[in-house]
Amino acid sequence: MNTDLIKLLDNEHIEHRANYTRKTILLNLFLIYTVFALYKSYGETIYSFLLMILFYVVLVKLVLDIRKIFFDRIYITNKRIIIQKGVLFKRIMIIHLSKVLYVSHKRGLLDKYFKTGKVKITTTDQMTFKFKGLKHWDHVVNLTYTYGSKDKK
Numbered sequence: 006m007n008t009d010l011i012k013l014l015d016n017e018h019i020e021h022r023a024n025y026t027r028k029t030i031l032l033n034l035f036l037i038y039t040v041f042a043l044y045k046s047y048g049e050t051i052y053s054f055l056l057m058i059l060f061y062v063v064l065v066k067l068v069l070d071i072r073k074i075f076f077d078r079i080y081i082t083n084k085r086i087i088i089q090k091g092v093l094f095k096r097i098m099i100i101h102l103s104k105v106l107y108v109s110h111k112r113g114l115l116d117k118y119f120k121t122g123k124v125k126i127t128t129t130d131q132m133t134f135k136f137k138g139l140k141h142w143d144h145v146v147n148l149t150y151t152y153g154s155k156d157k158k
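Residue numbers (this note's numbering): 6 to 158.
No lab work stands behind these hints: they were computed from the structure.
A hint or two may mislead.
Label pairs and their computed distance ranges (CB to CB) [claimed, not checked]:
| id | residue 1 | residue 2 | range |
| --- | --- | --- | --- |
| 1 | L93 | I58 | 25 to 33 Å |
| 2 | G91 | L13 | 13 to 21 Å |
| 3 | G48 | I71 | 14 to 22 Å |
| 4 | M132 | N16 | 41 to 49 Å |
| 5 | F35 | F75 | 18 to 26 Å |
| 6 | T151 | Y52 | 24 to 32 Å |
| 7 | L14 | V62 | 58 to 66 Å |
| 8 | K28 | S109 | 46 to 54 Å |
| 9 | F35 | K135 | 41 to 49 Å |
| 10 | S103 | R22 | 32 to 40 Å |
Here a beta-carbon is modelled for each residue, glycine too, at the ideal position from N, C-alpha and C.
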């Protein structure tokens, strides 16, 4: 694990590194292909204009998903959740597990198909962190509950 930017505390160790699924790239590429094929079939109409706008929206989503999958990192230690984002300029956000107020998870139809999940963490500071498309999302929830409840005792 590349933890160059992350300084661990005394008696702290990384329990899990959460990854985003790469399967969303395939879904985005399929959507781009479908929208482009529909665009070509409509010719010069208002529908083709709307489909072209949709094409660019999905293309931007694809680029953002690729950035998230390959450059964002989420580490869960026995004391904190460390979120590292960015390509050129790295931003690090830290959530102390003692400040975690609520953890929820949700799985839609596509999440079940791709074996992913959505996790939402709310802290005592009223901050909310949402992670969509996580592989092994259940590890994130379990570790957050386990170490968060130990910290509060």
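So, going through the hints one by one against the coordinates:
{"no.": "1", "hint": "L93 - I58: 25 to 33 Å", "verdict": "29 Å, holds"}
{"no.": "2", "hint": "G91 - L13: 13 to 21 Å", "verdict": "20 Å, holds"}
{"no.": "3", "hint": "G48 - I71: 14 to 22 Å", "verdict": "31 Å, violated"}
{"no.": "4", "hint": "M132 - N16: 41 to 49 Å", "verdict": "25 Å, violated"}
{"no.": "5", "hint": "F35 - F75: 18 to 26 Å", "verdict": "20 Å, holds"}
{"no.": "6", "hint": "T151 - Y52: 24 to 32 Å", "verdict": "52 Å, violated"}
{"no.": "7", "hint": "L14 - V62: 58 to 66 Å", "verdict": "42 Å, violated"}
{"no.": "8", "hint": "K28 - S109: 46 to 54 Å", "verdict": "23 Å, violated"}
{"no.": "9", "hint": "F35 - K135: 41 to 49 Å", "verdict": "24 Å, violated"}
{"no.": "10", "hint": "S103 - R22: 32 to 40 Å", "verdict": "21 Å, violated"}
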